[in-house]
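J.: Residue numbers (numbering that gives the first Met the number 0), protein chains in the order written: chain G, 0 to 483; chain X, 0 to 497; chain V, 0 to 117.
Please keep in mind that the hints were generated in silico from the structure rather than gathered at the bench.
These numbers come from a predicted model, not from an experiment.
Where a beta carbon is used, it is the ideal one built from N, C-alpha and C, also for glycine.
For the chain G half of the interface with chain X, some residues (derived, Cβ under 7 Å), not all of them:
#	residue
1	Ile388
2	Ser402
3	Ala413
4	Val424
5	Leu428
Derived DSS-like pairs: lysine-lysine, alpha-carbon spacing no greater than 27 Å straight-line:
#	chain 1	residue 1	chain 2	residue 2
6	X	Lys171	G	Lys437
7	G	Lys370	G	Lys354
8	V	Lys58	G	Lys155
9	X	Lys113	G	Lys370
10	G	Lys100	V	Lys111
11	G	Lys100	V	Lys110
12	V	Lys110	G	Lys38
13	G	Lys162	V	Lys58
14	G	Lys437	X	Lys113
15	G	Lys155	V	Lys111
16	G	Lys298	X	Lys171
17	G	Lys370	G	Lys298
18	G	Lys100	G	Lys447
19	G	Lys38	V	Lys111
20	G	Lys354	G	Lys100
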Amino acid sequence: METIAMPAINFAAIMPETILSVIAMALLLINVFVPSEQKAYLGYLSLIGIVVTFFTVIGGWGTPQEGFNGSVMQDNFALFFKGIFLVSAALSILISDQYMKREECNHGELYPLILLATCGMMLMASGTDLMTIFLGLELLSVSLYVLAGFQRDSLKSNEAGLKYFLLGAFSTGFLLYGMALIYGATGTTRIAAIASYVAQNSLAGSNLMLLIGMVLMAVGFSFKIAAAPFHMWTPDVYEGAPTPMTAFMSVGPKAAGFAAFVRVFVIALPTLRADWADLLWVLAVLTMTVGNITALYQKNIKRMLAYSSIAHAGYVLVGFVAGNAVGTAGIMFYMLSYAFMNIGAFAIIVLVGKKGEPNNNVEDYAGFGFKHPLLAVCMSIFLFSLAGIPPAAGFIGKFYLFSGAIQAGYIWLAIIGVLNSAASVYYYLRVMVFMYMKDPVEEFDWLKVSPAIALCLIIAVAGVLIPGIVPGYLLELAQKAVLL
Amino acid sequence: MPNDYLILTILVFIPLTGCLLLVPVWSRVEWARRIALGAALLDLVLACWVYAAAPAVIAGGGTLPGFFLWEDLPWIERFGIRYTLGMDGIALPMVLLTAFITVIAMLVSWRAIKERVTFHYFLILVMETGIMGVFLSLDLFLFYLFWEVMLIPMFFLIGIWGHGRRIYSAVKFFLFTLAGSLLMLLAIIGLYLIHGDQSGAYTFGLPALLHTQIASGASLWLFAAFLLAFAIKVPIFPVHTWLPDAHTDAPTAGSVILAALLLKTGAYGLIRFGYPLFPEAARTFTPLLYILGVIGIIYGSWVAFAQADMKRLVAYSSVGHMGFVVLGIAAWTPVALSGAVMQMVNHGVTTGALFALVGMLDERSGTRSIAAFGGLWGKAPVYSFFFLLFSLASLGLPGLNNFVGEFLVLAGVFRVSPIAACFAFVGVVVTLIYMLRLVQEVLFVGERTPLPLADISFREGIVLGVMGVTVIILGVYPAPFLDLVSMPVALLTGGGLP
Amino acid sequence: MLGAYLPILLLVVISICFGLGALVLSSFVGPKKPSKVKLQPYECGCEPVGSARERFSIKFYLIAMLFILFDIEAVFLYPWSILFKKLGMFGLAEMGVFIAILLVGYIYIWKKGALEWE
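Next up, chain G with everything else stripped away, as it sits in the complex (with noise of 0.2 Å):
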């Protein structure tokens, strides 16, 4: 009796996916047998998941494996962009707990879904078939949908998941129409045969049918990284989302978008580059100026830093335009500093807030450098950040990204990033003008920092400031990591 002969599989390509996904079952039937009051065990729970899978991830560092017969691929590139996701899903899962306690809404589900979340994230940023990627950003999105609906009997939550799923459901299907144009027309979805159908074929931007995929599928990018003009959700769904998902939503899915994004931009349709970096060069300008200019007259903390999320999308937008292993590697940088000062940024605006009320307005935070004087540092430094002043690692990354549009020759592109960079300024500076020179409004007496929050910002300010100032370790990592 013969046997199917069986693909290579080679388990080790999605080991940290593995992990992840065992973990997140476990801590899903644990919930249902331990009693509610000893929820806080399965965000440790977790967060050991989490250090687990990461020390795979700096294990597998240096050896790509293949697997699955080829349709997913762990390289170095997929392997840094584990590492931002593990990162910015342990540190949401941080600020979660304290949260979800004061807003009573400690369901033990919260966990499993982070989990499931940056397990389709890894799958996003290690496949290489457009079908693994897809599988990955559902696995992602849905989870985010639950994820942004979580506080159940908030209106603004569940208008928030309501809007992501509807909005994110459209998206997809504009990502999976343009995959299946592209399979159409090279009659594969293996990324590396499209590339090679395509160059055997000499198939470029005249053929209607991949030229059509190939915007399609970028639309669908587009929504996942919130760039303009998809970005209408964002800030919605920042503002109605609990916060610590607001927070991990900004930053993962975010990095998880590029990186699918850029593989498959890259890798599979080098011939079309000129067409698609016109396409993401108007991408990236609309998206900066659009997200800059909304964040400048906005009220609500969490909507300026949604806005500000989709300008920050612009920037990176930047790097992937300028197509070189600077600004690749750029990208790289950028997303894994944006995940710390974001956070640690959002770290901040879950203690400011109180049960029922959020405080989440600019005005709100009158007074409080004086009040919380280490917090409102750390703030500071967060913003400053954000805003790309040095000595922060937002400082370096910016500098990354529009190196390598320079040396690309996109001279007008950085110029406008750099004018952007200089707009965003005036709304961060506004939270520093509100926590420092005006009188305080809130005693701000019920504010209490948890040890797991503490630890949040003690990382997150760690991981701003140190690649800020010596960033040579992370550059290295970072240009070893590039596809190209």
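Following the hints, complete the assembly by docking chains X and V onto the known chain G.
T.: Quick look at chains X and V alone, frame taken from chain G:
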């Protein structure tokens, strides 16, 4: 001088170390004040020691001729970024000025700041580190880093302890400077890439970049970006609008540092980076700089004339005085450039002192309106004496410091562009008029509204006395200063423009 | 390239025309004599009882969703069982993992009480 002891690094980081020492005594204000002042004084002593030791080793070398102290350590090697500090005869006076003015700024705000005192001194020390770094960096990336670092404390100083529309002014100051400097950052990256493509060695180090051959079109754009960043800081005429607001609304220490030090960083940047890096482009821009410099002198003086607020008057006079510096740089001859460097120091001391004086009045009476005062000569004679001294210095009385600088600049510019020199001279006359008017109104015209005014205290007397002595020494015997400056100026002008 | 799909386009166009044509034609040609009885909703010939706009209990949706979820596993079980011998031990292990994952979900919903009607 060997760089084994990292003297420049120590010079830059003493203030920052002082900041760290402030943290444990955060709530004990008296201690915090003394520690901060101690750190600033230590830095001043070190700077003076470097000055005293400088003539002996002035021929010593680094990679760049003229530099007698030099430190070079690897930092971010992937990008060819190094931690390079160097000191020559132009940086040294600036460093001395920085250390000196920081001490002065701390002393003038000794009692004026009543809230969040420690934070105030903390910011001043951070700023000192930033400014020292700007004056000593010879790596463009490092320079940019310090350039941004010195912005942040000033933003907080104006915003927290300022008067009037303090927040508006703070934000305006920050945004103006940042917008310019970000474009400069792009130019720095562009220069770095051009040099790297040419020579194969990617570096931000100034010595290597000086040898870059740049196509004339590109160099125009790059220079324009540098010029914009520095022009905003100097400030040169159309981009000066942040200055009156920031100066007026800043607390006294902030105004002193802003006028005496931050403005200098712009001019220094032009001398150290802008002109030497792009000599060709700079020559193309020279006529524009003449015009803008002259406009700055005349316009600044003219507007100062119309001010009712003393602080605003002094602020606009800064625009005028810095116009001379711009002219001196634009001429780029040894005489004019020495004059410009000298004028930078002069303006720092004189205008710093004037801001301190206005601050003292404000502290006592709560107003800075010229119309509120009169007849001070009789009520507060010592104060009035210093007021007169620094006003006369500011208007360029021979024998006092500003005269030497302005004279050198005008003499130098006259050789190259007589028309510009003539127009600048008109500015001198207008300065004379508004300064004399100020002196007359405040000191001599009869008292208008009786205000309770005490004469200066011992502490204020020391501050003003030391500054007064400096003003007179620089005015009467500028030779040591000019000797110090002469070699780097000769090297700069010899290699660049005629 | 796209030319290969022309027949599909033609098919779509023709089918749309066919359907629309039937509707349009019947509205022109057919006689219309509406009466109260004729306009009533059709309910297998019985008299309609109450309003048609009734709300279902949310539990039905839950049950329906769970049914679909666990029904899908059968779709995978059939092909696997046909090739059981050829897939060998590896296939068995894989299916074990698959079932285990489903089992986790099953235990979860069971403990959560999603299977209880009240």
